[in-house]
Structures are given as C-alpha cells and as structure tokens.
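Novice: All chains should be modelled from the sequences, with the hints used to inform the complete structure.
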Amino acid sequence: MSDTAARLRGKDLLGIADLTASEITLILDTAEAMKEVSSRPIKKVPALRGKTVINLFYEPSTRTRTSFEVAEKRLSADTLNIAIGTSSVVKGETLIDTALNLEAMSPDIIVLRHASSGACHLLARTCKAGIVNAGDGMHEHPTQALLDAFTIRERKGRLQGLKVAIVGDLLHSRVFRSNIYLLTKMGAEVWVCGPPTLMPAGIELVGVHVTTRVEEAVEGADAIMMLRIQLERMEGGYFPSLREYFQVFGMTPERVTLAKPDAIIMHPGPMNRGVEIASEVADGPASVILDQVANGVAVRMAVLYLLAGGGEHEAVA
Amino acid sequence: MPILMDSERIGRTLTRIAHEIVEHNRGVGDLALVGVRTRGVPIARRLAAILRDIAGHEVATGALDITLYRDDLMKAAVGPQPIVRRTEIPFSIDGRHIVLVDDVLYTGRTIRAALDALIDFGRPSTIQLVVLVDRGHRELPIKADYVGKNVPTSRRETIHVRLAEIDGEDEVTLDQIEGERA
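So the protein lines, in turn, are chains A and L. Going by our numbering, the first residue of the first sequence is number 328, and it counts up by one from there. Going by our numbering, the first residue of the second sequence is number 32, and it counts up by one from there.
Don't read these hints as lab results, they were simulated from the structure. Computed from a predicted model, the values in this text were never measured in an experiment. A portion of the hints provided could be inaccurate.
Stated by the list, open to error - Reference listing, derived: stretches of chain A covered by chain L, where coverage requires no fewer than 3 residues with Cβ under 8 Å from a Cβ of chain L:
{"no.": "1", "segment": "355 to 365"}
{"no.": "2", "segment": "372 to 386"}
What the hints assert, rightly or not - Covered stretches of chain L, going by a simulated chain A footprint (3 or more residues, C-beta under 8 Å):
{"no.": "3", "segment": "44 to 57"}
{"no.": "4", "segment": "115 to 129"}
We put the beta carbon where it would ideally sit given N, CA and C, even for glycine.
Specialist: Here it is in structure tokens:
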C-alpha cells in the first residue's frame with residue numbers, strides 16, 4: 328500500500344508520530360539489508376566511519392543501550408556512553424547544559440533516553456547533532472516500535488490488515504504509544520487491552536479497538552504484544568495484586584490458543600514471568616521475543632545510517 | 032542515442048566471456064560468480080547459466096551490495112542516502128576463485144568498494160573482474176580481466192545498460208548527459 332521514501336526528512340528520530348508510512352517502509356527495508364551484516368563472519372561495515380555517536384542515558388537500560396552500541400560499532404562509528412550516575416548531572420547540571428557541552432565536541436548523533444516526556448524534542452531544537460529518541464518518559468520509544476514492526480513483517484510478510492493485540496499497562500508505556508502510531512499508520516488492526524485503571528483517557532479516539540477482556544483482544548490475532556507491568560509503579564494501586572493481574576490479563580497457553588494458529592508472541596522486555604506472561608508462553612514455539620532483540624540491532628543500524636547521511640540541517644531555534 | 036549492443040550482441044558477448052573464464056581457470060571448479068547490485072546480478076546469473084551448459088555443473092552465484100562501502104557515502108552535505116539492499120553470498124568464498132561481475136567499468140570506485148566488501152566475507156584465492164562495458168576514465172588502478180566491449184567515451188556522455196530482468200529489454204546505449212549538450 329505504501330511506497331518507499333527516498334530519505335528521512337529531518338535530522339532526528341523523535342517519534343513515530345512524525346514519520347510517514349513511506350519513511351517507516353524505508354527504515355524497515357534498510358534494516359533488512361542491515362540484518363544480513365550481522366550474519367557475516369566480519370560483522371562490520373565502514374558506512375559511518377569517522378562519525379561520532381554519543382549514547383546519553385538518563386535512565387537505566389541494558390537492552391536498548393547495548394543494542395544501540397552494537398549497531399553503532401557494526402557501522403564503524405565511534406561511540407561514547409554516558410551513564411548518568413557518573414556524570415556531571417549528579418552535580419546539578421541541566422539537560423541542555425550537558426547537551427551543549429557534549430555538542431562542543433561535535434558529535435554527529437546523540438542517542439538520548441530520559442525520564443521526562445519531550446526531552447528529546449527539547450534537545451533536537453537546541454543541538455545541531457541528530458537526536459535519536461531511545462525512550463522519553465511516557466511519550467515514545469520509536470526504535471522499539473520499529474523493531475516490533477520489523478519482527479512482525481519478517482514473520483508475516485506485511486503489516487497491513489493484520490490483527491495485533493497489545494495487552495498490559497497502556498498508561499505508562501512509551502512502547503505502546505509508539506506502536507499505536509506505527510501500526511495504525513501501516514494499516515494494521517490494533518486491539519488494546521488492560522485494566523481500566525491502566526488505560527489512558529481518550530484511548531478509544533486513536534483508531535484502535537479497546538477492550539478489558541483479554542480473550543476478545545487475542546481472538547484471531549496474528550501477533551500478541553505483551554507489555555511489562557512496571558512493578559515500580561505498583562504503589563499506585565492500579566490493581567489488587569500481581570496474582571490477580573495474571574489471572575485476568577496474563578498470557579497463558581490457553582489464551583494463546585484463541586489466536587491464529589501461527590500467531591507470534593512478543594514482549595519488549597524485561598519480562599515479569601508469571602505476571603504478564605506465563606513462562607510456557609515466553610519460551611514456547613510462538614515466542615519471537617529473542618528475535619525482537621536481534622532485530623533491534625538491525626533497525627537501529629538502519630536509523631543511524633539514514634540519519635547520519637541527512638547532513639547539515641539547520642537547527643530550528 | 033546510438034545503440035552499442037542489442038540483445039543478440041549481449042548474448043554472444045556473454046557466451047564469449049564464459050568461454051574465456053573456463054579457459055583462464057581451466058574449468059569451473061572452485062569458481063563462484065558475484066554480481067554487483069543492481070545490474071551485475073542478472074549478468075552474473077546469465078553467465079552462470081552459460082557456464083553450466085559449457086562445463087556441465089552449477090557455479091555458485093551471489094549478489095553484492097556495495098552501498099555501505101562507498102567512498103562518497105557521507106560526502107553529500109544534504110540529500111538522500113543511497114538505498115541499501117541485501118548482500119546475498121550463500122557460500123564460503125575462502126580459497127575460491129571469485130569472478131566479480133558488473134555492467135559498466137568507469138572510475139573504478141565501485142569495484143574498489145566491491146573488493147573491500149568481498150574481502151570482509153573471507154579470503155578468496157583470486158578475484159577476477161567481468162564487465163559488460165569498459166568506458167575508460169579510471170580514477171583508481173583497476174583493470175577488468177574480461178571485457179564485453181571497450182567504448183571510448185567523453186565524460187559528458189553516459190552509458191545506459193538495460194537488461195530484460197530489470198528493465199524489460201536488453202540494450203546498451205551511449206547518451207549525452209542532459210543539459211550538457213551545448
């Protein structure tokens with residue numbers, strides 16, 4: 328349905344909301360070529376030689392940070408990791424001051440994770456370097472949605488017309504927001520499900536089917552995407568107990584049988600086994616959870632490659 | 032728009048090159064063909080089919096995308112990045128005689144990139160180069176082992192290779208670059 332864009336507009340990847348369907352297709356197609364690089368004996372190409380990428384992480388992350396770093400190294404970029412515990416932030420420096428100081432060392436791309444929604448947009452307006460959003464607050468996590476889409480497309484050959492069920496904590500999840508933008512732009516039929524206390528207000532207005540019955544969401548689905556219950560937010564009293572949550576919303580082998588026979592099970596990690604997903608499902612034949620991790624590297628390589636070639640865009644003040 | 036080669040001429044030329052490859056390598060044992068994307072790939076496939084007829088067995092054939100190895104990749108200040116496509120080399124190139132195949136040899140920069148890309152896959156015992164057209168104007172010390180047709184050109188001219196698999200018909204033409212005719 329969508330043709331492929333020749334390039335990405337702009338120097339940044341701040342969210343899926345800003346992308347067109349043809350830009351998404353361009354990233355996914357480029358990621359297919361990048362995936363082949365990871366299968367070679369020498370897993371490295373010289374495309375970003377001489378480019379500097381800074382990974383600036385204000386929140387703990389293992390998977391995403393490692394994935395970006397592997398992607399950068401496979402493209403031959405020079406990478407720097409700044410973890411906030413060891414930086415001047417503990418001395419009280421603001422995000423913009425930190426970024427301006429880093430920018431003085433002329434990096435080409437800054438990969439940013441921050442606990443505040445919109446932090447990446449703020450930085451993108453301030454910095455000449457391209458900004459890649461690696462998760463900002465409860466807003467977006469675009470590369471996660473792209474790798475989810477890549478994984479679905481790899482297994483199903485398309486996104487258009489597929490039924491995708493997203494189950495879990497919809498309120499706090501930036502993965503969920505990015506996925507909704509992406510899947511609806513690409514023409515998938517999205518069903519979302521979770522406790523009413525964990526649903527954002529106005530959810531039914533964004534073009535998705537909403538239900539609190541997990542069986543209804545999963546029935547006939549081509550892909551089931553489980554979201555993490557953020558245990559650190561349990562104090563909010565969103566539901567009575569983890570045990571009850573598992574009984575009502577957890578992905579059990581019985582519930583999986585309601586989906587299409589070739590349905591795939593996805594989870595962005597880190598998983599809470601026995602809370603949102605049963606171990607038999609997470610480790611079962613339908614699970615593509617580890618493929619998602621492998622595909623994350625390919626998708627991030629594609630994003631970095633496409634942005635690094637964007638050249639000298641003027642920062643919009 | 033002078034036509035340099037038509038379908039028949041391209042066919043005869045590839046048959047001749049296939050015979051030269053067999054002669055030079057004394058058979059097709061340990062031989063593999065690697066086409067440079069985009070139009071080197073169908074040419075490599077056609078050569079493989081001819082070699083099968085001559086020598087009686089299959090010659091492994093792969094496709095190489097050199098985009099990530101280009102020396103002009105990050106040079107353009109603004110503008111689209113070239114689209115990256117899949118490299119498909121489903122065999123080991125270690126110790127093999129690799130015949131690299133491309134449509135037009137011009138500055139030599141594509142082949143330089145292809146050599147770098149290929150060597151990241153292993154250590155072939157030799158790399159030989161087939162081109163359908165050599166138009167001169169080399170900027171690097173690179174030479175083809177098998178040439179379909181040598182065509183003296185000026186830099187204001189361009190060679191268009193059209194192949195049935197991609198373009199619907201076989202034809203090689205010599206054209207003036209738009210806007211430089213005056």
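Novice: Taking the hints in turn, state whether each one holds.
Specialist: Quick rundown of the hints versus the structure:
Under a criterion of three residues with beta carbons nearer than 8 Å to beta carbons of chain L, the stated coverage of the segment 355 to 365 of chain A is upheld, 7 such residues being counted. Here's how the segment 372 to 386 of chain A fares: 6 of its residues keep a CB closer than 8 Å to some CB of chain L, so the rule of at least three is met and the hint holds. Proximity of the segment 44 to 57 of chain L to chain A, defined as three or more residues with a beta carbon under 8 Å from a beta carbon of that chain, is not established by the 0 residues found. For the segment 115 to 129 of chain L, the proposed coverage by chain A is satisfied: 5 residues have a C-beta within less than 8 Å of a C-beta in that chain, meeting the threshold of three.
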